[in-house]
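**Q** Given next are the chains, with one letter for each unit.
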Amino acid sequence: MSLSERKHQMMQCIRCSACKWVTTPRISGWDFATGCPSMEYGEFHSYSGGGKTIMAAALEDGQIGYTDEMLEAVFTCSMCGSCQISCNLNYGGNVEPMENMRELRSRAVEDGQSDPAHMMLIDYLKREDNIFGKPKADRSKWAEGLDIKDALEEKTEVYLHVGCHFSYDEEQWPVIRAAAKILQAAGVDFGFAKKEEICCGGRAYEMGYQQELKNYSESLTGRLKDAGSKILLTCCSDCNGTFKQLYPQAADCNLDIEVLHITEYIERLIGKGKIKFTREVPLQVTFHDPCHLGRLGEPLKAWKGEIKMAEDPRMYVTDPVREVNFGNKGVYDSPRNILQAIPGVTLTEMPRIREWTYCCGSGGGAKEAFPDFALTTGRERLREAHSTGAQALVTACPWCERNFKDAAAESGDAMVVYDIMELVLQAMEKTG
Amino acid sequence: MALSRDAYKALQAVVGSKYVSEDPGTLAGYHYSWGGPNGRWQPFVPLAVVLPEDTSQVQGVVRVCNRYKLRFKAHSTGFCSLAFPGVEDTIMVDLRRMNRIVEIDEKNMFAVIEPYAIAAQIQAEAMKRGLDCHIVSAGPTHSPLASATSVWGIGSKGLSQSWNERNLFGVEWVLPTGEVARLGSPGVGAGWFSGDGPGPGLRGIVRGTNGAYGGNGIFTRIGLKLYPWVGDERMECTGSQPQIGLKIPERMHFSLPYWKNWEDMTAAAYKIVDNNVAFSVLRVPPDCMNWMLTSTNDEYQEAFHKGSVPIDREEHLHAWQAIIAGHSEREFEYRKKVFEQIVKDTGGKFLQLTVEQNEILFAANVRISYIPRVFRPTGDFSTSFGMEESINLMGKLHRTGENLLGKYIGPGKLPDHGREGFWAWLNEGRSLHSENAFAVTEEPGVQAANMAYVMESCRVTNSEALGVQILPGYMGIFADSLGPANFNANEWMRKVKYEVVDPDNVADHFTYIFPEPVVLMPTE
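So the protein lines, in turn, are chains A and B.
In terms of numbering that gives the first Met the number 0, the first sequence opens at residue 0 and continues consecutively.
In terms of numbering that gives the first Met the number 0, the second sequence opens at residue 0 and continues consecutively.
Bear in mind the hints are in silico, worked out from the structure with no lab data behind them.
There could be a bad hint or two in this list.
[Unchecked claim] List time: in silico DSS-like cross-link candidates among lysine-lysine, alpha-carbon distance up to 27 Å:
hint: 1; chain 1: B; residue 1: Lys406; chain 2: A; residue 2: Lys307
hint: 2; chain 1: B; residue 1: Lys412; chain 2: A; residue 2: Lys307
hint: 3; chain 1: A; residue 1: Lys300; chain 2: B; residue 2: Lys305
[What the hints assert, rightly or not] Derived DEER-like restraints, expressed as beta-carbon distance ranges:
hint: 4; chain 1: B; residue 1: Gly38; chain 2: A; residue 2: Gly64; range: 19 to 25 Å
hint: 5; chain 1: A; residue 1: Glu348; chain 2: B; residue 2: Arg329; range: 35 to 41 Å
hint: 6; chain 1: B; residue 1: Phe349; chain 2: A; residue 2: Glu348; range: 33 to 39 Å
hint: 7; chain 1: B; residue 1: Phe486; chain 2: A; residue 2: Glu348; range: 53 to 59 Å
hint: 8; chain 1: A; residue 1: Asp110; chain 2: B; residue 2: Glu441; range: 23 to 29 Å
hint: 9; chain 1: B; residue 1: Glu301; chain 2: A; residue 2: Pro173; range: 47 to 53 Å
As the structure is a prediction and not an experimental result, all values here were calculated from the model.
Backbone N, C-alpha and C fix where the C-beta goes; we use that ideal spot for every residue, glycine too.
Whenever a hint applies, use it, and build me the whole structure from the sequences.
**A** Dropping the structure here:
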């Protein structure tokens, strides 16, 4: 639905401010009650999900035009979806602030008002199929020395989509290599598209470039059809959210394949006895739920229909009935079950978890356009991790891990940050 | 009028340039509100919005407004407070940066809070100490400071936790002149434990019953009374989003007794308060409970047409939701037993709900989340009546409201969500607040029916002496119409604001009292 088509939903916002906090039943104290990193950073109402919804309505209504300040509020946001979950608690999908924000960004792009940093990223994407501007030819460098099939050349049961971040962030290569070694040790028949792998398009969509999502979804659909794999596996939560939620919902794309995040798959392999932990990892950890693994990874069906006023009893309904993003069907238990299966690991939860998790700060193109915002948000989450007494913060997304590590380095924070794959591999390796 | 550069710089000098904005996009969120007189977009766009971080900055902003002949309007979270400028040339004062719980005095059972500490935060911190705070119907994201100092409101726990206007202890008040007054015990440096003394007690002046909605200045810190809580230090959530319930603690019990008519329900109410057996008692219309027990409007519609909504519009019309609590096992058992006997003696029955449904409704009563969900059907609602009266009036109020409202329900008019929309609370064990609230839409026919109904209900409540009429947030335009039947409160309000507190009318008067009388309807 375009911004114009969302006018009804935008005007359903009652400016209650619920979007600024985690879902209210989950508030467990004064601290760690807020849910919106953008609002915490920008302070004015325009930075909240509701505030952006109101700005979008004002823009659509012709009351306001674009200004630097307005655009800063629009783009200083990690598009984490916390606002949407909090809003949907009582309004049942009537407003959907996240959807309004996505369409507001798309409108800004259409009107030539994209964020300058995002324009550069999209330029890179168009040239090299990744937003980092790194050469296509280097995409599979991370896998050097590992004997992994080319999924475009050989039939594999599992088609691994590595994702741009793991492919190009050399500091994160040990993580993706760990994932590959885990799969190999478990005897999984998998491959990836080597240097032909392309971006999922999710980040571009979040920045307002909706056509990129459609283009990449069509490319991937074709590749998967040719590959004939049974499972599309990704180690990146961003890609997970894109495949499970954005492709069907925003790109009208049915991949026609089982999509799994690596944590879901490893949990399955543990259950089948194909992964066994032989080594103790004595560590007190807390787990950060990536937004795109949880609430933004919740599978949602495409919906085309109308919102109409039912006459008896009178109220707005959707026809056909539309699924609402409540966030319950995200991947929350798999990483926790894995952590609890690792000998020696003790998991202590943060106040903001699961569908009411607090964002790491790196999503939506915010880290690239407003790095101070991303680092501030990352520091806040590190502070929350410290509140649990954990020695390490574990996550399952390269974007989150990168931002936490950057935030820790910038502030001299000693919190150790791991991707869950690193702990899994440690626990599988034989001692001595 | 545009904000002069001098005034803008003066505001920047007070709060810092990062915290002043006159950007149209930023301002959009400060003249948008539900329930205003003009749909969502309210007529006056503020000149700027400022975000002060402490009382001295608030004082500085108010002084700038005085110096440059500007008006100001403050708000906290902006929900239900009609947080928009009611007049031209207004500076919006968003109190978001003043969000601390300064102190919780566990022993003396009060909290010292700033404007943007929300009820859910205060409640969670209080519960850790065996205490609870009153939450008005606006729900967990409202500001208890705003509720206690400036806005009319009530919550389901009013039976044991009173109104927030009474829960107001010490007050720090930035007057429209820019002076700071500390009322009650903080006025003599004796802490925040009392609103009336030692120190100057002016609670009736700063807010009265209805609240001045910002028309008397800005409140920056208060002492808020807390109440004993017998439940767990941290409530355990049950269910899943959005049907999140609370595990009912060992010495608490939720039930939904219902009767055949208002008279029997009233008789039970008297016995309940006389015997002091309930922690909270609330009546909402059956549809409201069903909205709470369904995730979306679509789900509700399906259940309604299948006949599977648990609360029947007719059979369960006369029903209380009640929570019984006891500090000891014996007290709890005694209260529960007496409560059950009262229901039996008055011809009532208990509606059997599932464990999940009980937990959801229990949560709705403890966390206070009915009002946010009432917006779900149509995105808006209106209200009428709003009595503070004898419990004995319940039947007459509800019948009158039902008959009046019935005339305005139908195609092209108000939605049909049952016979009436009365919410009722038994306050402090001695009085009844009963408010006829109903869903509206933005359609012109509905809006016209809403206005006609509200005006007629005002006339009827005046002419039939049905109690003290309260129209939260609209006292400004209704004050002179309703005042004569309410001990000429409008004249006193005008004196307070224009002769004592705000002679230059710097604080937005729109939702309090206009400088000159506004007569919307003849009084009989």
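**Q** Look at each hint and say if it fits the structure.
**A** Tested hints:
1. B:Lys406 - A:Lys307: holds (25 Å)
2. B:Lys412 - A:Lys307: holds (17 Å)
3. A:Lys300 - B:Lys305: OK: Lys300 (chain A) and Lys305 (chain B) at ~25 Å, within 27 Å.
4. B:Gly38 - A:Gly64: 19 to 25 Å: For Gly64 (chain A) against Gly38 (chain B), whose Cβ atoms are near 22 Å apart, the range 19 to 25 Å holds.
5. A:Glu348 - B:Arg329: 35 to 41 Å: holds (36 Å)
6. B:Phe349 - A:Glu348: 33 to 39 Å: Roughly 37 Å apart at Cβ, these two residues keep to the hinted range, so it holds.
7. B:Phe486 - A:Glu348: 53 to 59 Å: holds (55 Å)
8. A:Asp110 - B:Glu441: 23 to 29 Å: holds (27 Å)
9. B:Glu301 - A:Pro173: 47 to 53 Å: holds (51 Å)
Of the numbered hints given earlier, the model fails none.
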